[in-house]
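Could you put together the complete structure from these sequences and hints?
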Amino acid sequence: MKSDFLRTSVVLFCMIAIFVYGSLSYSAPPEVGPIIHFRQTSHTFPIVFEGTELTHTFVVSNKGTATLNIKKVTHS
Amino acid sequence: MARYDRVIPPGGKGNITLSIDSSSVRGEFEKKAIVWSDDLEKRSVALYLTGKVKPHISLKPGGYLSLWGVKGRVPSEHLEIINNHDKPLNINCIKSVLKDHVRWTLKEVKSGYVYKLEVVDISKTTGDYTGHLYVRTDNPLKPELVIIINGHVSEK
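Residue numbers (our numbering), protein chains in the order written: chain L, 1 to 76; chain E, 1 to 156.
Derived from the structure by calculation, the hints contain no laboratory data. Check the hints yourself; a few may be wrong.
To be verified - Quick partial rundown of chain E residues pointing at chain L, CB under 8 angstroms, derived from the structure:
#1 K13
#2 S19
#3 L141
#4 P143
#5 E144
What the hints assert, rightly or not - Pair by pair, the computed Cβ-Cβ distance ranges are:
#6 G51/L - T50/E: 17 to 23 angstroms
#7 T44/L - V7/E: 26 to 32 angstroms
#8 G51/L - E118/E: 25 to 31 angstroms
#9 V59/L - R103/E: 56 to 62 angstroms
#10 S111/E - K72/L: 50 to 56 angstroms
#11 G62/E - K63/L: 47 to 53 angstroms
#12 I148/E - I47/L: 24 to 30 angstroms
#13 S111/E - K63/L: 57 to 63 angstroms
#14 Y134/E - K72/L: 39 to 45 angstroms
#15 K99/E - T44/L: 46 to 52 angstroms
#16 T57/L - G127/E: 54 to 60 angstroms
#17 S111/E - I47/L: 20 to 26 angstroms
#18 D128/E - I47/L: 36 to 42 angstroms
#19 S66/E - R39/L: 48 to 54 angstroms
Claimed, not checked - Straight line, CA to CA, 20 angstroms or less: simulated EDC-like cross-link-like pairs of lysine to aspartate or glutamate:
#20 K54/E - D128/E
#21 K142/E - E50/L
#22 K32/E - E53/L
#23 K63/L - E77/E
#24 K60/E - E50/L
#25 K52/E - E50/L
#26 K72/L - E41/E
#27 K142/E - E53/L
#28 K71/L - E41/E
#29 K31/E - E53/L
#30 K107/E - E77/E
#31 K54/E - E50/L
#32 K72/L - D5/E
#33 K52/E - E53/L
#34 K63/L - D38/E
#35 K31/E - E50/L
#36 K71/L - D38/E
Just so it is clear, CB atoms sit at the ideal spot from N, CA and C, and this is done for glycine as well.
In structure tokens:
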């Protein structure tokens with residue numbers, strides 16, 4: 001009876017220890033490197049006549065911890 | 001065409017400016033640009049530009065007239081010249097090197113905005129011909145319209 005109680009206590013203690021250790025040792029991986037972000041990725045122009053130059057500027061953000069390098073912009 | 005900031009510090013912002021020359025675009029369009037960066041999770045991002053480009057002057061059904069038929073009985077053809085601006089359009093003159101083959105008349109359907117151009121074959125001989133009608137307008141952005149004429153006159 002006494003040994004059963006002891007065994008149950010040890011198992012319970014181990015389970016709590018594992019849970020606490022697991023909780024304390026886990027943390028989100030740190031953000032490494034640049035992170036590109038656009039608030040807007042599309043734009044619609046109003047109707048224009050032929051020959052009008054159409055220009056739009058997109059804002060790009062870097063939400064990372066390192067410098068973001070834009071290598072190139074290609075279009076089709 | 002694209003202009004862009006090449007280096008963006010952590011927490012910073014930059015601009016990517018895209019331009020389209022609408023001279024080479026007609027009607028509705030969608031242009032796509034791809035931004036390539038050193039973000040390892042997202043190496044490329046697609047940006048889209050959409051819109052609609054209107055011609056200054058429209059030709060309906062198109063800028064091409066075909067005059068095919070038997071000599072002396074070739075059906076006439078016509079097209080509409082439609083001014084898409086608010087300001088009225090005047091047609092100053094129409095010229096062509098096909099004077100031996102065609103005769104044209106211009107009628108105002110809606111003064112300053114819609115014209116009907118009718119072209120008839122007046123060929124005295126059979127055979128094929130191709131040429132242009134040059135319609136001169138007072139719109140400085142579209143001073144000339146070119147209409148292609150294609151004729152085929154047979155004996156019977």
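Status of the hints after comparison with the structure:
With 8 angstroms as the threshold, the beta carbon of K13/E comes within range of chain L, its nearest partner Cβ sitting at about 5 angstroms, so the hint holds. Interface restraint check for S19/E: the shortest CB-CB distance to chain L comes to about 5 angstroms, inside 8 angstroms, so the restraint holds. With a least beta-carbon distance of about 6 angstroms to chain L, the hint placing L141/E at the interface is held under the 8 angstroms criterion. For P143/E, the suggested interface contact is broken, since its CB lies about 12 angstroms from the closest CB of chain L, more than 8 angstroms.
Given hint, E144/E at the interface with chain L, is violated; its Cβ is 14 angstroms from that chain's nearest Cβ, farther than 8 angstroms. Between G51/L and T50/E the beta carbons are some 19 angstroms apart, a value that agrees with the proposed interval 17 to 23 angstroms. Between T44/L and V7/E the beta carbons are some 30 angstroms apart, a value that agrees with the proposed interval 26 to 32 angstroms. The hinted window of 25 to 31 angstroms between G51/L and E118/E holds, with their beta carbons roughly 29 angstroms apart.
The hinted range of 56 to 62 angstroms is satisfied by V59/L and R103/E, whose Cβ atoms lie roughly 60 angstroms apart. The beta-carbon spacing between S111/E and K72/L, approximately 53 angstroms, falls within the hinted interval of 50 to 56 angstroms. For the hinted restraint 47 to 53 angstroms between G62/E and K63/L, the CB-CB distance of approximately 51 angstroms keeps it satisfied. For the pair I148/E and I47/L, the supplied restraint of 24 to 30 angstroms holds, since their beta-carbon distance comes to about 28 angstroms.
S111/E and K63/L have their C-beta atoms about 59 angstroms apart, which keeps the hinted 57 to 63 angstroms range intact. Distance hint for Y134/E and K72/L: a CB-CB separation of about 44 angstroms, consistent with the stated range 39 to 45 angstroms. Checked against the given bound of 46 to 52 angstroms, the beta carbons of K99/E and T44/L, roughly 47 angstroms apart, stay inside it. Taking the beta carbon of each, T57/L and G127/E are about 58 angstroms apart, inside 54 to 60 angstroms as hinted.
At about 24 angstroms, the beta-carbon gap between S111/E and I47/L stays in the expected band of 20 to 26 angstroms. For the pair D128/E and I47/L, the beta carbons lie near 41 angstroms from each other, so the given range of 36 to 42 angstroms is met. Restraint check, S66/E to R39/L: a C-beta distance of roughly 52 angstroms satisfies the suggested window 48 to 54 angstroms. Using a Cα cut-off of 20 angstroms, the hinted pair K54/E and D128/E is violated, with the two alpha carbons roughly 34 angstroms apart.
With a C-alpha separation of about 10 angstroms, the suggested pair K142/E and E50/L falls inside the 20 angstroms cut-off, and the hint holds. At most 20 angstroms may separate the alpha-carbon atoms for a hinted pair to count; K32/E and E53/L meet this at roughly 17 angstroms. The hinted pair formed by K63/L and E77/E fails the criterion: a straight-line CA distance of about 63 angstroms is larger than 20 angstroms. Pair hint K60/E plus E50/L holds up; C-alpha atoms about 17 angstroms apart against a cutoff of 20 angstroms.
This hinted pair checks out: K52/E and E50/L have alpha carbons roughly 9 angstroms apart, not beyond 20 angstroms. Straight-line distance between C-alpha atoms of K72/L and E41/E comes to about 17 angstroms, which keeps the hinted pair within the 20 angstroms bound. Between K142/E and E53/L, the direct Cα distance comes to roughly 16 angstroms. Compliance with the 20 angstroms bound is thereby established for this hinted pair. With a C-alpha separation of about 15 angstroms, the suggested pair K71/L and E41/E falls inside the 20 angstroms cut-off, and the hint holds.
Only pairs whose Cα atoms come within 20 angstroms are accepted, and K31/E paired with E53/L is accepted, the gap being roughly 14 angstroms. About 14 angstroms separates the Cα atoms of K107/E and E77/E, which keeps this hinted pair within 20 angstroms; it holds. Using a Cα cut-off of 20 angstroms, the hinted pair K54/E and E50/L holds, with the two alpha carbons roughly 6 angstroms apart. Restraint check: the Cα-Cα separation between K72/L and D5/E comes to about 10 angstroms, which is no more than 20 angstroms; the hinted pair holds.
Pair hint K52/E plus E53/L holds up; C-alpha atoms about 12 angstroms apart against a cutoff of 20 angstroms. Straight-line distance between C-alpha atoms of K63/L and D38/E comes to about 13 angstroms, which keeps the hinted pair within the 20 angstroms bound. Restraint check for K31/E and E50/L: satisfied, since their Cα atoms lie roughly 16 angstroms apart, inside the 20 angstroms limit. Of the pairs offered as hints, the one joining K71/L and D38/E holds, with about 7 angstroms between alpha carbons and a cut-off of 20 angstroms not exceeded.
Hint compliance for this structure: hints 4, 5, 20 and 23 are broken, all remaining hints hold.
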